[in-house]
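S.K.: For this one, chain A is given, so just place chain B on it according to the hints.
The primary structure of each chain is shown beneath.
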Amino acid sequence: MIDFTSLIVAPPELTRHAAALLVLGPLVASCAAALSPNGRWAWIISFLASAFSFWMALALTGEVAREGVIVYAMGGFEPPYGISFRIDWLGAMFALLLSSMAMIAAAYSGYSLNAEILEGKRTLFQAGFLLCLAGLLGMTSTGDAFNAFVFLEISSIGTYALIGVGASRDRRALPAAFNYLILGTVGATFYVIGVGFLYAAAGTLNMADLASRLPALEESRAAEAGFAFIMVGLGLKAAMFPLHGWLPSAYAHAPSLMNVFLSATATKAAVYLMVRFAFDVFPPDSIIVERFMIWVMAPLAGVAAIVCSTQAIFQTELRRILAFSSVAQVGYMMLAIAVASGAGIAAGLLHLTAHALMKAALFMAIGGVTLSVTGLRLSDFNGAGRTAPWTMTPFAIASFSLLGVPLTMGFLTKWRLIEAMLGDAYYWAVAVIAISSILSLFYVGRMLEVLFFQPAQTGKNRIREAPLGALIPLWVLTVATIWFGIDGRMVEYIADSAATAVLGGVE
Amino acid sequence: MLETAASLVSTTNPGLVLMAAGIIMVFMRGFAPRAAVLVGGPVLALATLLSSGAWGVDLATFDAFGLTLSLYRIDSLSFIFGLAFIIAAAIGGIYSLHREDGVQDGTGMLYAGAAIAAIFAGDLITLFIFWELTAITSVVLIWARRTPRAYAAGLRYLIIQMTSGLLLIAGAALYHNATGLIVFSEMGAVGELPVVSAIDIAEPGAWLMLIAFGVKAAFPLAHSWLQDAYPNSTETGTVILSAFTTKLAIYALARGFAGLDLLIWVGAIMAVFPVFFALLGNDLRRVLSYALISQMGIMVCAVGVGGELGVNGAAAHAFASTIYMALLFMSMGAVMLRTGTTKASEIGGLHRTMPYTTLFAIIGGATIASVPLTSGFAAKSLTMSAVGYDGQMWVWLALLFAAAAAVAHTTIKVPLSAFFGEDRGRRPEEAPFNMLLAMGIAAVFCIGIGVTPRWLYELLPYRDTALDYLNHDLWTPTHLVTQFQLLVFGALAFVLLRRYALYPETTPGMLIDSEWAWRRAAPSIAGALGAALMSFERAFARTARQVGGRIKEHLVQTFAPARGVSRRVPLSSTAIWSAFLLAAVLLIALI
Numbered sequence: 001m002i003d004f005t006s007l008i009v010a011p012p013e014l015t016r017h018a019a020a021l022l023v024l025g026p027l028v029a030s031c032a033a034a035l036s037p038n039g040r041w042a043w044i045i046s047f048l049a050s051a052f053s054f055w056m057a058l059a060l061t062g063e064v065a066r067e068g069v070i071v072y073a074m075g076g077f078e079p080p081y082g083i084s085f086r087i088d089w090l091g092a093m094f095a096l097l098l099s100s101m102a103m104i105a106a107a108y109s110g111y112s113l114n115a116e117i118l119e120g121k122r123t124l125f126q127a128g129f130l131l132c133l134a135g136l137l138g139m140t141s142t143g144d145a146f147n148a149f150v151f152l153e154i155s156s157i158g159t160y161a162l163i164g165v166g167a168s169r170d171r172r173a174l175p176a177a178f179n180y181l182i183l184g185t186v187g188a189t190f191y192v193i194g195v196g197f198l199y200a201a202a203g204t205l206n207m208a209d210l211a212s213r214l215p216a217l218e219e220s221r222a223a224e225a226g227f228a229f230i231m232v233g234l235g236l237k238a239a240m241f242p243l244h245g246w247l248p249s250a251y252a253h254a255p256s257l258m259n260v261f262l263s264a265t266a267t268k269a270a271v272y273l274m275v276r277f278a279f280d281v282f283p284p285d286s287i288i289v290e291r292f293m294i295w296v297m298a299p300l301a302g303v304a305a306i307v308c309s310t311q312a313i314f315q316t317e318l319r320r321i322l323a324f325s326s327v328a329q330v331g332y333m334m335l336a337i338a339v340a341s342g343a344g345i346a347a348g349l350l351h352l353t354a355h356a357l358m359k360a361a362l363f364m365a366i367g368g369v370t371l372s373v374t375g376l377r378l379s380d381f382n383g384a385g386r387t388a389p390w391t392m393t394p395f396a397i398a399s400f401s402l403l404g405v406p407l408t409m410g411f412l413t414k415w416r417l418i419e420a421m422l423g424d425a426y427y428w429a430v431a432v433i434a435i436s437s438i439l440s441l442f443y444v445g446r447m448l449e450v451l452f453f454q455p456a457q458t459g460k461n462r463i464r465e466a467p468l469g470a471l472i473p474l475w476v477l478t479v480a481t482i483w484f485g486i487d488g489r490m491v492e493y494i495a496d497s498a499a500t501a502v503l504g505g506v507e
Numbered sequence: 001m002l003e004t005a006a007s008l009v010s011t012t013n014p015g016l017v018l019m020a021a022g023i024i025m026v027f028m029r030g031f032a033p034r035a036a037v038l039v040g041g042p043v044l045a046l047a048t049l050l051s052s053g054a055w056g057v058d059l060a061t062f063d064a065f066g067l068t069l070s071l072y073r074i075d076s077l078s079f080i081f082g083l084a085f086i087i088a089a090a091i092g093g094i095y096s097l098h099r100e101d102g103v104q105d106g107t108g109m110l111y112a113g114a115a116i117a118a119i120f121a122g123d124l125i126t127l128f129i130f131w132e133l134t135a136i137t138s139v140v141l142i143w144a145r146r147t148p149r150a151y152a153a154g155l156r157y158l159i160i161q162m163t164s165g166l167l168l169i170a171g172a173a174l175y176h177n178a179t180g181l182i183v184f185s186e187m188g189a190v191g192e193l194p195v196v197s198a199i200d201i202a203e204p205g206a207w208l209m210l211i212a213f214g215v216k217a218a219f220p221l222a223h224s225w226l227q228d229a230y231p232n233s234t235e236t237g238t239v240i241l242s243a244f245t246t247k248l249a250i251y252a253l254a255r256g257f258a259g260l261d262l263l264i265w266v267g268a269i270m271a272v273f274p275v276f277f278a279l280l281g282n283d284l285r286r287v288l289s290y291a292l293i294s295q296m297g298i299m300v301c302a303v304g305v306g307g308e309l310g311v312n313g314a315a316a317h318a319f320a321s322t323i324y325m326a327l328l329f330m331s332m333g334a335v336m337l338r339t340g341t342t343k344a345s346e347i348g349g350l351h352r353t354m355p356y357t358t359l360f361a362i363i364g365g366a367t368i369a370s371v372p373l374t375s376g377f378a379a380k381s382l383t384m385s386a387v388g389y390d391g392q393m394w395v396w397l398a399l400l401f402a403a404a405a406a407v408a409h410t411t412i413k414v415p416l417s418a419f420f421g422e423d424r425g426r427r428p429e430e431a432p433f434n435m436l437l438a439m440g441i442a443a444v445f446c447i448g449i450g451v452t453p454r455w456l457y458e459l460l461p462y463r464d465t466a467l468d469y470l471n472h473d474l475w476t477p478t479h480l481v482t483q484f485q486l487l488v489f490g491a492l493a494f495v496l497l498r499r500y501a502l503y504p505e506t507t508p509g510m511l512i513d514s515e516w517a518w519r520r521a522a523p524s525i526a527g528a529l530g531a532a533l534m535s536f537e538r539a540f541a542r543t544a545r546q547v548g549g550r551i552k553e554h555l556v557q558t559f560a561p562a563r564g565v566s567r568r569v570p571l572s573s574t575a576i577w578s579a580f581l582l583a584a585v586l587l588i589a590l591i
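Protein chains in written order, with my numbering: chain A, 1 to 507; chain B, 1 to 591.
Certain hints may be false.
[Stated by the list, open to error] Cβ pair distances, simulated, as ranges: (1) A456(A) - P33(B): 46 to 54 Å; (2) G180(B) - Y199(A): 43 to 51 Å; (3) T189(A) - I588(B): 40 to 48 Å; (4) D63(B) - F178(A): 31 to 39 Å; (5) A579(B) - W428(A): 25 to 33 Å; (6) A202(B) - W428(A): 17 to 25 Å; (7) R29(B) - A456(A): 14 to 22 Å; (8) F178(A) - I24(B): 51 to 59 Å; (9) Y199(A) - A579(B): 16 to 24 Å; (10) P37(A) - F31(B): 56 to 64 Å.
These aren't lab readings, by the way, just hints derived from the structure by calculation. Computed from a predicted model, the values in this text were never measured in an experiment. By construction, the Cβ of each residue, glycine as well, lies at the ideal position given by its N, Cα and C atoms.
For reference, chain A alone in the conformation it holds in the complex (with noise of 0.2 Å):
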């Protein structure tokens, strides 16, 4: 079995402000590249930024897999009267998924904002990705519920400006930001009145101290209004069906770049924060929680699976087939979460671990392509396989992926999630996932027919090869696809170890 217990990757020093160190880092990053004189230069920042949290997070899953869990007292104020970080193995997971993503996505952003983004915006750009990145890994670290609020809205407010950004190729990206801008508030604003209503009721904002007063609460209708609002709040930044409505335009109209990154990362923040309140800060038998689960995560996320990938089908934008196709995905991360148990919660989070590979690499690669593609439609992308075929090759290995096609990723994890649904009886999901299946091989046939059967572009509508710089860290993605999907022990053993972790609190 993999032995996290002896990786030791930072000297001590660091190792023990490792917590506060990778949400620091890309923060003051942020700075640093607004300040930079060039676009050059804030590519080079943010690629060191994010592969230093990326140390971190390593440095922390050390710390995490020797101690269990790592409280860290920001500025040395012990809580409840500071605010502390507290990582666990769920949040080691978050860390390592969020920075190892922001890293490849940094890499690729040298040659992704080359192409869509002109040189006086660059620095700013690459400000908001860290100023995104820090928000996003500030969500995931913290033991503290108002605190999180903070971080999503700092991670918020860099990505409606990096979506209004994608302007420049495709006008609809403004009132898509704009919808997006809206709806996020209007979802960090339940949040924050579910954090409100806990206060009232257990008087603590700590995690920790709440999951420790809680179960006394069981009767307390102010925690249970709490719940209720902090979970449709977080549902619609996770875009749980049917508040989904801003992610296809959001996803479909924002420059490349961040549709690498959003599609990767930032649904995957909030259902992180989902799993927290619902299992670990509420108790998981509770009542609420157990009804909530049931009667309408389930239900929607089993009407997401279906609706969504019968939508992708009939999209005719590549963007927004991959878009609609995300919505269905957290569909199955929501319907394994649902069923509550720890193999459910462990394949949720391993769904979702893949799901981030495979739609990084989709993206990319079609970013890879966008010099030379002006269009959006599927037809603008006609025999782009034959002519790009160092770039499509990894898309058609991706959309494997997304199939659930033996020795890729997307097989072990909907094997597990069929395993976990079998193994607590919800025989209705495991059909959901097979028809929703099926419906996906409509949509991928679609896209792979246009990409490889029909016939190349030529002359100065040929599709031209992604640059090294765009093909580098899609390989990595595609191999990684590969690799876990051959030898998936190293994701199992953190996923499951995360399930526990938050089902059982303190191993």
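M.R.: For chain B alone, coordinates are given in the frame of chain A:
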């Protein structure tokens, strides 16, 4: 060093060897390198298979999903199927040499490799993994024709094949959940008899797996993908497709469900019903596709009878039919290549310029009709005897009917329509040498096994039973006479159908003397029944199209961009939804 290499070879699934060759094949250009890989791959796979260490043990395992997967396990049942597949892969490779298409060559070999790897899979998960890979790789062979029709057929094929995979994995998961077993070929000690009927039909999930196998085996009502996809592939693609998918399903059925009574009846229906479509079909590759289904029916029947004789029969028939169906499809592929069509109404009289292809088609036809001294006789006799000993009178008659009909719809009709019959003025060239060579090799197998059946019988799963049958039953005069009678009746049926203009095209000079009139009734009933079935199928297809069209229209109305649920959602509606959802959650929380 040498020892490690030797142990590596003896523990590598031959299918993986072929798949590796397939990946290399994609990048091969030029005749000599392509020939080297196309023939070298199967030869290497064969060497790997023959050098395998021991039978009946796990030669390679792999830990995943918290289970120990058995990647490579041989016994006498999988050996003969694996051998047939390797031979078919080599023949298909030689047959494809004349045209340079890295994608088709590569995926063809990947497909063959996946099928072989599936044969040697020791557990259900490994089986499923390669099961799905055969679906994905084979669809490329259909799409490679690059027509919209082929694309649509390929997509339909892929969806059905993937559904079969989903059913298999769902069944395996349920089965594993209930029994804790994942082993597909739980076997005794080395060298003992193979394990068949490994799956208990009463366990949960077993039905799902049976249906999954049945879809790939083209069970009645699940068969439409076969005659839809195969004729739409390229001339080389059809040959390769015909060899693997369905035989893999027969193997899986024999391994999992041998002796299941239901299969006897399914097999009997499957053997009989395609006969009518084959008799009346015009596209000869479609006719052969129906003939293939009918042959599969006989195998399914043998599996259903089970026991040593039944399993032997299914294995022998699968081995022989892999080769003779490939031979028939190859002869039609050559016609396709040279004339661009295989419609009976557009070709004819090709024997003048394609004499060798004609000869090979006749040999293939003779083999499917089980003429003594062909492999068909050696193989099908086993099945017929198994059913006969089992005392299933009606089933035996049904198989007899299917066998006689094969004489009419394939043995006589195919060569007659394509190579003799009415001369339509086409004077195409003879097929390229590599095609002739591939057909020649297949023909040698057909006749060689027919003349010395011992060669095949020695390889059968239950060797002693097989040799016993060879020594006492195969060459008895009654058996031979029965077989010749069958051939005569089959020929007769053909002649009568031709006479009464039930075939799509008529040829002058085929008039029949009136003394045969008393036999009219039977064939006309057959013809009428066939015509009725045909029109039923047409009506069914029309209704399905209409219903499908209407459903599609509704779906488009609902889901298309800018319509129904897919309109760009105004943010107010999402906001209202979130308020609504909040109310719902509060409601369930507070009651």
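S.K.: Next, verify each hint and record whether it holds.
M.R.: Each hint tested on the structure:
Between A456(A) and P33(B), the C-beta spacing of about 25 Å breaks the proposed range 46 to 54 Å. Separation of G180(B) from Y199(A) is about 49 Å and conforms to the stated range, judged on CB atoms against 43 to 51 Å. For the pair T189(A) and I588(B), the beta carbons lie near 22 Å from each other, so the given range of 40 to 48 Å is not met. Checked against the hint of 31 to 39 Å, the C-beta distance between D63(B) and F178(A) comes to roughly 51 Å, which is inconsistent with it.
For A579(B) and W428(A), the hinted distance range of 25 to 33 Å is satisfied, since their beta carbons lie about 28 Å from each other. Checking the proposed 17 to 25 Å range against A202(B) and W428(A) shows it holds: the Cβ atoms sit about 24 Å from each other. The given range of 14 to 22 Å is respected by R29(B) and A456(A), whose C-beta atoms sit roughly 19 Å from each other. At about 53 Å, the CB distance of F178(A) to I24(B) agrees with the hint of 51 to 59 Å.
With their beta carbons about 23 Å apart, Y199(A) and A579(B) fall inside the hinted range of 16 to 24 Å. The beta-carbon spacing between P37(A) and F31(B), approximately 59 Å, falls within the hinted interval of 56 to 64 Å.
The structure is inconsistent with the numbered hints 1, 3 and 4, although it conforms to all the rest.
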